[in-house]
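S.K.: Keeping their order, the protein sequence lines are chains B and X.
For the first sequence, numbering that gives the first Met the number 0 gives the first residue as 0, with consecutive numbering after it.
For the second sequence, numbering that gives the first Met the number 0 gives the first residue as 0, with consecutive numbering after it.
Misleading hints may appear alongside valid ones.
Capping the alpha-carbon separation at 30 Å, the derived lysine-lysine pairs in DSS-like fashion look like this [as the list claims (entries may be wrong)]:
no., chain 1, residue 1, chain 2, residue 2
1, B, 516, X, 172
2, B, 227, X, 4
3, B, 561, X, 109
4, B, 567, X, 174
5, X, 109, B, 587
6, X, 154, B, 1
7, X, 21, B, 517
8, B, 252, X, 4
9, B, 300, X, 1
10, B, 558, X, 109
11, B, 246, X, 4
12, B, 314, X, 125
13, B, 557, X, 109
14, X, 4, B, 300
15, X, 109, B, 353
16, X, 142, B, 520
17, B, 314, X, 4
18, B, 517, X, 142
19, B, 557, X, 137
20, B, 1, X, 174
21, X, 88, B, 300
22, X, 174, B, 520
In case anyone wonders, no lab produced these hints; they're calculated from the structure.
It should be emphasised that the depicted structure is a prediction, and the values quoted were computed from it without experimental measurement.
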Amino acid sequence: MKVLMTGNEAVAQGAYEAGIHFAAAYPGTPSTEILENIALRKEITAEWAPNEKVAVESAFGASLAGARTLTAMKHVGLNVAADPFFTIGYTGVNGGMVLVSADDPGLHSSQNEQDNRYYARMAKVAMLEPSNSQECKDMVIRAMEISEKYDVLVMLRMTTRVCHSKSIVETGERIEVPVKPYVKNAPKYIMAPANAKAAHVVVEKKLKELEKFSNETELNYIEWNDKKIGIISAGVAYQYAKEVFGKNASYLKLGFTFPLPMEKIKKFAEEVETLYVVEELEPFMEEQIKAAGIKCIGKEKIPNTWELNPDIVKKSIFGTENEVIDYDRTLAVGRPPTLCAGCPHRAFYYQLSKKKNTMVTGDIGCYTLGGAPPLNSMDTCVCMGASVSMAHGAKKVFERNNDDKRVVAVIGDSTFFHSGMTSLLDVVFNKGNTITCILDNRITAMTGHQDNPGTGYTLQGDSTDAVQIEPIVRALGVKNIKTVNPMNQAEMKAALNWAYDLNEPSVIISRYPCALKKYSKEDLEEFGPIQGYCEVDEETCIGCKICVGTGCPAIVFKKDIKKSSINKFQCVGCELCLQLCPTKAISKVGE
Amino acid sequence: MKDTKNILLVGVGGQGTILVSKILSTGLMTAGYDVKMSEIHGMAQRGGSVSTQVRYGSEVFSPIIGIGEADILVSFETMETLRWLEYLKPDGVVVINDFEIASAPILMGKADYPEGIIELIKGKAKTKVINAGETAEKLGNQKVMNVVLLGALIKSMNLTDIDWEAVIKSQVKEKFIDINIKAFNAGMDAV
Chain B
0 MKVLMTGNEA
10 VAQGAYEAGI
20 HFAAAYPGTP
30 STEILENIAL
40 RKEITAEWAP
50 NEKVAVESAF
60 GASLAGARTL
70 TAMKHVGLNV
80 AADPFFTIGY
90 TGVNGGMVLV
100 SADDPGLHSS
110 QNEQDNRYYA
120 RMAKVAMLEP
130 SNSQECKDMV
140 IRAMEISEKY
150 DVLVMLRMTT
160 RVCHSKSIVE
170 TGERIEVPVK
180 PYVKNAPKYI
190 MAPANAKAAH
200 VVVEKKLKEL
210 EKFSNETELN
220 YIEWNDKKIG
230 IISAGVAYQY
240 AKEVFGKNAS
250 YLKLGFTFPL
260 PMEKIKKFAE
270 EVETLYVVEE
280 LEPFMEEQIK
290 AAGIKCIGKE
300 KIPNTWELNP
310 DIVKKSIFGT
320 ENEVIDYDRT
330 LAVGRPPTLC
340 AGCPHRAFYY
350 QLSKKKNTMV
360 TGDIGCYTLG
370 GAPPLNSMDT
380 CVCMGASVSM
390 AHGAKKVFER
400 NNDDKRVVAV
410 IGDSTFFHSG
420 MTSLLDVVFN
430 KGNTITCILD
440 NRITAMTGHQ
450 DNPGTGYTLQ
460 GDSTDAVQIE
470 PIVRALGVKN
480 IKTVNPMNQA
490 EMKAALNWAY
500 DLNEPSVIIS
510 RYPCALKKYS
520 KEDLEEFGPI
530 QGYCEVDEET
540 CIGCKICVGT
550 GCPAIVFKKD
560 IKKSSINKFQ
570 CVGCELCLQL
580 CPTKAISKVG
590 E
Chain X
0 MKDTKNILLV
10 GVGGQGTILV
20 SKILSTGLMT
30 AGYDVKMSEI
40 HGMAQRGGSV
50 STQVRYGSEV
60 FSPIIGIGEA
70 DILVSFETME
80 TLRWLEYLKP
90 DGVVVINDFE
100 IASAPILMGK
110 ADYPEGIIEL
120 IKGKAKTKVI
130 NAGETAEKLG
140 NQKVMNVVLL
150 GALIKSMNLT
160 DIDWEAVIKS
170 QVKEKFIDIN
180 IKAFNAGMDA
190 V
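Build out the structure end to end from the sequences listed, making use of the hints.
M.R.: As structure tokens, then:
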């Protein structure tokens with residue numbers, strides 16, 4: 000059957016057809032929908048892990064137990080999982096194992112645009128790169144075969160445009176593969192020095208075999224057209240090259256990109272007059288091709304920053320651009336992403352923004368938007384969990400310098416489970432004095448509402464124990480803990496004042512559901528429904544703009560009459576502005 | 000390929016461009032075209048500027064549309080037309096929804112919503128203006144504004160041969176089928 004699928008949906012379909020038994024991941028754009036779609040297939044055990052390292056390790060355990068397994072993560076997730084990843088490069092697998100790395104060229108929703116192809120080379124694992132959804136599906140199936148035949152982990156490297164573009168996929172049936180028997184094999188799986196030394200030698204031998212495969216496989220194929228220009232390309236960059244050059248160039252299209260098929264590349268290079276390597280981000284292929292003594296043009300012309308597209312390929316190589324309509328491009332006012340109307344993070348940040356002499360270390364999630372105007376309540380955002388540990392280091396230095404600046408770490412519930420817990424342990428262990436604020440909005444919001452250990456539900460919808468944050472924090476050794484409802488501004492303000500007055504570590508858990516969350520029955524019991532919307536009485540409004548200063552997208556300041564106004568279609572009735580209005584001009588209606 | 004047609008849908012996160020592109024690309028596929036569709040998820044969806052790109056023809060390579068290549072630009076929000084106009088072919092068509100959503104700098108009073116956008120665009124490209132918000136409200140739900148715009152798009156691209164009602168039926172929840180078909184037809188009539 001022909002179906003339009005995103006690359007992520009196609010990976011899930013491929014996992015299904017390949018007979019995969021077990022899959023684990025941590026959500027991260029642009030990879031999230033892979034596991035969400037795998038989870039719909041009851042033949043596969045699919046789980047959200049607390050972080051990517053855990054996901055890779057549990058998938059690896061499943062592989063050793065004989066299952067075909069898949070794990071998926073965004074590019075920076077592989078940094079978290081790098082530890083097991085590198086050593087699995089040595090051990091190899093039992094049941095086939097695929098690791099999907101979804102890179103984000105152009106930083107659509109990420110903190111960097113690292114090129115994870117280098118990871119495959121560094122960890123000495125095989126790599127496949129799909130360029131459309133059909134290839135996503137097919138390559139998961141091929142990756143399973145390669146993984147089991149060569150006893151290697153296979154990395155399927157995708158990018159945002161491959162993950163989130165839809166194209167037509169021919170779907171097939173699932174092939175049930177029996178789970179292999181588990182066989183204890185200490186030399187292979189106990190990576191103590193003596194065994195690991197031997198394993199390294201085996202890996203080098205496997206790489207030679209994989210290079211032979213790379214030269215022979217039809218995953219790397221040549222399309223002969225005009226031989227004046229030859230193009231080597233992989234992933235979505237291949238589609239861009241085809242768009243620009245059409246039949247005016249010959250192509251060596253690479254689907255298996257580590258180890259590279261250097262013999263095939265040499266033969267192709269000999270036949271064409273000018274050889275271009277068209278690749279997105281870093282010169283991963285180009286450097287290896289040049290090192291093999293083959294002349295080619297790549298990053299001299301095509302930039303290694305930001306996302307590639309056909310316009311850039313065309314301009315870089317031909318120096319030409321399309322004709323466009325001439326107009327003043329600066330007329331459109333910026334439209335940055337904002338916290339939603341009714342977002343509990345806004346209620347938290349509004350009170351934090353009033354604190355003076357404070358450094359706020361932030362983290363990864365919707366709440367990173369608290370760093371933007373008008374709240375401006377965040378100083379840093381680096382990686383998952385960094386808020387808590389960076390706060391600790393910074394506070395230590397302020398203390399050394401007799402600077403009484405307070406340091407507040409802001410981290411989400413899912414991010415705390417991901418990698419905030421060990422950081423908080425550091426604060427307690429090393430006699431830190433930071434204020435850690437855990438913004439528990441009862442869901443993993445930014446990636447599109449995935450369950451996490453705190454929500455009480457698994458990826459496949461089973462109810463499970465909802466892990467409570469407060470006992471974890473207490474067990475880590477924090478003595479000063481307060482759980483508050485941030486939507487109650489007096490309570491939120493009092494909690495921050497309480498923490499600022501302490502001279503030892505404290506944790507504030509700001510607990511209220513994401514405004515977009517579909518409430519579970521437990522949420523309804525705890526928080527009750529929100530109804531109605533807020534309204535401004537123009538007579539009473541003095542135009543002080545305090546409500547506007549919350550940055551709520553439902554509130555607009557009418558310049559002509561110097562009064563605030565609330566859009567009833569956007570307002571969800573959270574009552575934050577109502578509590579802040581000094582003249583009580585805002586009231587709730589429609590309850 | 001030379002026969003590839005490019006449709007660019009732009010708007011603000013939450014306006015329903017994704018459902019429209021889903022109906023659109025499914026319909027084009029059933030009509031036998033090769034189709035590619037691209038959209039961005041994640042942070043930009045939180046009230047930011049969003050775009051969805053649909054390309055169809057006998058064989059489509061790139062999933063994204065280049066600058067100066069869109070045959071039609073359908074703008075779900077008036078000011079977004081300005082942000083994406085450079086993607087339109089000089090002889091392309093613009094469908095503008097006369098519907099303004101103030102962005103953060105405007106809400107805070109730090110910038111003004113630009114005036115005279117529709118007149119400016121009319122002077123630059125072949126333009127069709129519709130009031131999809133009002134049309135949708137008359138039908139009983141402002142949210143079906145997106146499908147009103149889909150109707151206008153289908154008519155403008157001359158894709159009326161495809162059985163869109165059947166596609167809509169396959170893509171929306173049963174209780175919303177009627178209102179969406181009404182919205183689609185209202186959009187067709189509006190241009």
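S.K.: Confirm or reject each hint.
M.R.: Hint check:
1. 516/B to 172/X: Holds. Residue 516/B to residue 172/X sits at ~20 Å (cutoff 30 Å).
2. 227/B to 4/X: Holds, at about 29 Å.
3. 561/B to 109/X: At roughly 13 Å apart (the allowed maximum being 30 Å), residue 109/X and residue 561/B satisfy the hint.
4. 567/B to 174/X: holds, 25 Å
5. 109/X to 587/B: Roughly 27 Å separates the two Cα atoms, so the pair holds.
6. 154/X to 1/B: Status holds; Cα separation ~26 Å.
7. 21/X to 517/B: holds, 23 Å
8. 252/B to 4/X: holds, 25 Å
9. 300/B to 1/X: holds, 26 Å
10. 558/B to 109/X: holds, 10 Å
11. 246/B to 4/X: holds, 19 Å
12. 314/B to 125/X: It holds: about 27 Å lies between the C-alpha atoms, which stays within 30 Å.
13. 557/B to 109/X: Holds, at roughly 11 Å.
14. 4/X to 300/B: holds, 29 Å
15. 109/X to 353/B: holds, 21 Å
16. 142/X to 520/B: holds, 27 Å
17. 314/B to 4/X: Answer holds: residue 314/B to residue 4/X is near 21 Å, not above 30 Å.
18. 517/B to 142/X: holds, 18 Å
19. 557/B to 137/X: It holds: about 27 Å lies between the C-alpha atoms, which stays within 30 Å.
20. 1/B to 174/X: holds, 27 Å
21. 88/X to 300/B: Since the Cα atoms of residue 88/X and residue 300/B sit roughly 26 Å apart, the hinted pair holds (cutoff 30 Å).
22. 174/X to 520/B: Cα-Cα ~24 Å, so holds.
Checked against the numbered hints above, the structure breaks none of them.
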